[in-house]
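As you go down the protein sequences, you meet chains A and B in turn.
Counted from 1, the first sequence has number 163 at position 163 by our numbering; the numbering is strictly sequential.
Counted from 1, the second sequence has number 200 at position 200 by our numbering; the numbering is strictly sequential.
Rather than coming from a laboratory, the hints here were simulated on the basis of the structure.
Do not rely on the hints blindly, as some may be mistaken.
[Stated by the list, open to error] The following label-pair restraints were derived from C-beta to C-beta distances:
hint : chain 1 : residue 1 : chain 2 : residue 2 : range
1    : B       : E22       : A       : R126      : 32 to 40 Å
2    : B       : A44       : A       : K123      : 46 to 54 Å
3    : A       : S134      : B       : K102      : 26 to 34 Å
4    : B       : N53       : A       : A141      : 44 to 52 Å
5    : A       : N38       : B       : Q162      : 19 to 27 Å
6    : B       : E186      : A       : N34       : 19 to 27 Å
7    : A       : S6        : B       : S159      : 30 to 38 Å
8    : B       : L24       : A       : N142      : 39 to 47 Å
This structure is a prediction, so every number in the text was calculated from the model and none was measured.
Even for Gly, the Cβ is constructed at its ideal location relative to N, Cα and C.
There are 2 protein chains.
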Amino acid sequence: MEKDISQAVIRRMPRYYRYLGELLDEGVERISSNDLSNRMKVTASQIRQDLNNFGGFGQQGYGYNVQYLYDEIGKILGLDRQHNIIVIGAGNLGQALANYTKFEKLGFKIVALFDVNPELKGKSVRDIPILMLSELDDYCANNQVDIAALTMPKSKADSIAQKLVDLGVMAIWNFAHVDLDIEKNEDVVVESVHLSDSLMQLSYNIVKNSK
Amino acid sequence: MEKDISQAVIRRMPRYYRYLGELLDEGVERISSNDLSNRMKVTASQIRQDLNNFGGFGQQGYGYNVQYLYDEIGKILGLDRQHNIIVIGAGNLGQALANYTKFEKLGFKIVALFDVNPELKGKSVRDIPILMLSELDDYCANNQVDIAALTMPKSKADSIAQKLVDLGVMAIWNFAHVDLDIEKNEDVVVESVHLSDSLMQLSYNIVKNSK
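The shape of chain A in the complex, shown without the other chains (with noise of 0.2 Å):
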């Protein structure tokens, strides 16, 4: 049934998840269509539609049991498991993301980071050790790793894409500036984040704004 799904409704699933948590947070147990297309600033018929992909969830008249919906979106994304994430490159973006610890709420557990700068040798983040780079097949070689985010420089991006398929991380947060050659394996799945394209956007918007 899922293979079906639009990405473009998964990558609105994760914003269900969000809200519905925050609905939960205020202790609220039950929600119409309406009220969380009012919330969420969607329509009910989207949102119906969306859930629908999945088996609905709602029974007509009573709404959205808000703790279910937020268990089965979990489950639909992937959040009902730990996924174990290492990050190359302990740089300024790599230590960001080893402090956010929202991630690991959500089940995304950074265990290491990865530089080739020996300065950073022997040092941590939030208890998260910093390794050199050339440790990288004996750590995979010894822990689960599920996914690997790469805050190198781009040049670097693609040699070392490879090598972590390699060595069987087929998940890859990618915030380099480039498309992934990995990309053509339909084995690996690729997450990019170009923060470039990200602000091109925005000033595309700025500009049409002011016109």
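Since the structure of chain A is already known, use the hints to place chain B on it.
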């Protein structure tokens, strides 16, 4: 003409710009939509359709002039002017943004960081000063600020975003994991980078790929 262009098309433009920049670096002067299609892994007809939104640029049978297309897309994206950015929050992420020299090459100049931590007072990142949040009003009154990047905790995001708009900063690059109230204001441009959402998207695809 531009008013009907979908955000989906706009989201693809930075990627064109990036590939055209790489072609220029390689000394390529002219490229057919087929060759560009092969490089970018999108169909040639998609490329032609996307670029036709802005009036074309190609000449039947001659392909695209790379420099011309690069410059024109740059103008569309508002890269033919300088955008001054302030960063609210001088933690790891704020400092990581300030350290990206690439943004500057694209015309996005980070001019100051702001924080509430008195230990950061008087410090700087790449000669970009870290100022105290209490200095924000004065700074905005005396300097051109086009974009504010929000990298502080989400509990403060809405109040600071509103304050920035009151100070005349009409574009927000939001890294706080929340939809800002200010997005309701049509005069304000908001572009959000939700890192947790990106991780969830990744884990969805991990689960799907493992089935």
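Evaluated hints:
1. One distance hint, 32 to 40 Å for the beta-carbon pair B:E22 and A:R126, holds here, with the actual separation near 37 Å.
2. About 49 Å separates the C-beta atoms of B:A44 and A:K123, a value consistent with the hinted range of 46 to 54 Å.
3. Between A:S134 and B:K102 the Cβ separation comes to about 27 Å, which falls inside the hinted range of 26 to 34 Å.
4. Separation of B:N53 from A:A141 is about 50 Å and conforms to the stated range, judged on CB atoms against 44 to 52 Å.
5. Under the hint 19 to 27 Å, the C-beta atoms of A:N38 and B:Q162, about 21 Å apart, fit the expected range.
6. In this structure, B:E186 and A:N34 meet the distance hint of 19 to 27 Å, their C-beta atoms being roughly 24 Å apart.
7. Between A:S6 and B:S159 the beta carbon distance is about 36 Å. The supplied range of 30 to 38 Å therefore holds.
8. Under the hint 39 to 47 Å, the C-beta atoms of B:L24 and A:N142, about 45 Å apart, fit the expected range.
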